[in-house]
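Protein chains: 2
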Amino acid sequence: MADKPRILVTNDDGIYSGGIYALYNAMAGIGETYVIAPDSEKSAVGHAITISDPLRVTEVERNGKFFGWAVKGTPADCVKLALKGILQFNPDLVVSGINQGSNTATNVIYSGTVSAATEGTIMGIPSIAFSLTTFKKSDFSLAAEIARLLAEKVLEKGLPPGTLLNVNIPPVPRKDIKGIKITRQGRGYYEDFFEKRVDPANRTYYWLGGTKLVLDTEEDIDEVAIMNHYVSVTPLHYDLTDREMIGRLNEWNLKLG
Amino acid sequence: MADKPRILVTNDDGIYSGGIYALYNAMAGIGETYVIAPDSEKSAVGHAITISDPLRVTEVERNGKFFGWAVKGTPADCVKLALKGILQFNPDLVVSGINQGSNTATNVIYSGTVSAATEGTIMGIPSIAFSLTTFKKSDFSLAAEIARLLAEKVLEKGLPPGTLLNVNIPPVPRKDIKGIKITRQGRGYYEDFFEKRVDPANRTYYWLGGTKLVLDTEEDIDEVAIMNHYVSVTPLHYDLTDREMIGRLNEWNLKLG
Numbered sequence: 000m001a002d003k004p005r006i007l008v009t010n011d012d013g014i015y016s017g018g019i020y021a022l023y024n025a026m027a028g029i030g031e032t033y034v035i036a037p038d039s040e041k042s043a044v045g046h047a048i049t050i051s052d053p054l055r056v057t058e059v060e061r062n063g064k065f066f067g068w069a070v071k072g073t074p075a076d077c078v079k080l081a082l083k084g085i086l087q088f089n090p091d092l093v094v095s096g097i098n099q100g101s102n103t104a105t106n107v108i109y110s111g112t113v114s115a116a117t118e119g120t121i122m123g124i125p126s127i128a129f130s131l132t133t134f135k136k137s138d139f140s141l142a143a144e145i146a147r148l149l150a151e152k153v154l155e156k157g158l159p160p161g162t163l164l165n166v167n168i169p170p171v172p173r174k175d176i177k178g179i180k181i182t183r184q185g186r187g188y189y190e191d192f193f194e195k196r197v198d199p200a201n202r203t204y205y206w207l208g209g210t211k212l213v214l215d216t217e218e219d220i221d222e223v224a225i226m227n228h229y230v231s232v233t234p235l236h237y238d239l240t241d242r243e244m245i246g247r248l249n250e251w252n253l254k255l256g
Numbered sequence: 000m001a002d003k004p005r006i007l008v009t010n011d012d013g014i015y016s017g018g019i020y021a022l023y024n025a026m027a028g029i030g031e032t033y034v035i036a037p038d039s040e041k042s043a044v045g046h047a048i049t050i051s052d053p054l055r056v057t058e059v060e061r062n063g064k065f066f067g068w069a070v071k072g073t074p075a076d077c078v079k080l081a082l083k084g085i086l087q088f089n090p091d092l093v094v095s096g097i098n099q100g101s102n103t104a105t106n107v108i109y110s111g112t113v114s115a116a117t118e119g120t121i122m123g124i125p126s127i128a129f130s131l132t133t134f135k136k137s138d139f140s141l142a143a144e145i146a147r148l149l150a151e152k153v154l155e156k157g158l159p160p161g162t163l164l165n166v167n168i169p170p171v172p173r174k175d176i177k178g179i180k181i182t183r184q185g186r187g188y189y190e191d192f193f194e195k196r197v198d199p200a201n202r203t204y205y206w207l208g209g210t211k212l213v214l215d216t217e218e219d220i221d222e223v224a225i226m227n228h229y230v231s232v233t234p235l236h237y238d239l240t241d242r243e244m245i246g247r248l249n250e251w252n253l254k255l256g
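Keeping their order, the protein sequence lines are chains F and A. The first sequence runs 0 to 256 under numbering that gives the first Met the number 0. The second sequence runs 0 to 256 under numbering that gives the first Met the number 0.
Under the rule of at most 30 Å between Cα atoms (straight-line distance), these lysine-lysine pairs were calculated in the BS3-like manner:
#1 A:K152 x F:K254
#2 A:K135 x F:K254
#3 F:K83 x F:K152
Some, not all, of what chain F presents toward chain A, calculated at C-beta under 8 Å:
#4 A43
#5 K79
#6 T105
#7 V107
#8 I108
#9 Y109
#10 G178
#11 R183
#12 P234
#13 M244
#14 K254
Honestly, the hints are just simulated from the structure, not real lab data. Cβ atoms here follow ideal geometry from the backbone N, Cα and C, with glycine treated the same way.
Next comes chain F alone, as it looks inside the complex (with noise of 0.2 Å):
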């Protein structure tokens, strides 16, 4: 690491996000700072990368001066070509948030703040996804202050390869946070429902909407940490092997006739 560690700052909510804003600032006290994100909102777009189509980058900035490259892209494609086309070095660590609105249970999988951080650990940088568990317009200073110690904390003592860490923030006062659980990610999704709709053209369309659903009680998982005002920290990997199931496939004995 040099000096000053290099620290590449994306999101999911777009450059011109105020989380993205705060998460530059907290970082922007530990180390040299690079934010490289999407041009517009990519919530929901899950792990996607932009493979048939070109990505094109333009220099912009905040408060009058130099802030970032805004990609037209997913957060994935922003951490790609982060190290391989625009920074061309490695950082010492990737972060990515502070996303509006909870990556937690099953919805971690849709998240485009997580997908981020993972392509950061695939290749081969610590990395940490920061998301404040409410839509509400907010103040983002205890989220800051929470990825700065992450940030910090994960800069000394390094991550595993393939581990990366993904952090909620309950929308409370500080003095009302109780602290801060390492958890594990819950079952909890959201039931899903279509509203048909017409249009001006009298063409039918269906638009998404959900219900939200907590499946879990456990004290370590990560929506009810939050709903118990703590921060949840939940290490999360890339490797979807279900281990249990292996051995049970193994007994139905599959062979072509």
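Following the hints, position chain A against chain F.
Just chain A now, kept in the frame of chain F:
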């Protein structure tokens, strides 16, 4: 289950692909088949879902008769919309594919094919993803035979909640197939590069390319099984928690100052 099982067929290569037609024919032999798939190729979309835009649906014919519904959306959108909007019932099985190109190792997380099966699983339906591991114009007949074998087995045995199957079929003649192997997801990934180019209007753009790295040698890894001419069947889940890391993180003793 009704007398005949009801099977939802989807993919990420689009409703006009050769692979989905082969899968549809294979499934028509064992049940009532409903095809609901993206209207165009959606490779590498990961687990993206469409929340900020409406979804449009059109009816599609192939070979002069009704084939299915084309959705202007992602594979995960198709499954959600199938169950909650178009069919309004839960099928007995969701199958996705037959994808052209492998979905193994780290690439599983970018896969639209796998994401459709994941979405089926989240919604409580046993689900399987099928991929033929070549980009060359292909004969899908062996892959279709495997798809039928696996679909019948899963309809008979079921799958535990939260578990899906990711099946990859090597592009070799049937007589050269060594068998069906239950595998784990490998660690290999694409080493990326970006070509920096200039468009006719003299604006810079980047285009993603990559070289596949195989990092595993164990015979029960998905990619290795394929290289050894086995059909690879990997049980996956979407609990991304890295359980080994939980104890280590607790030792970090994280606290707000």
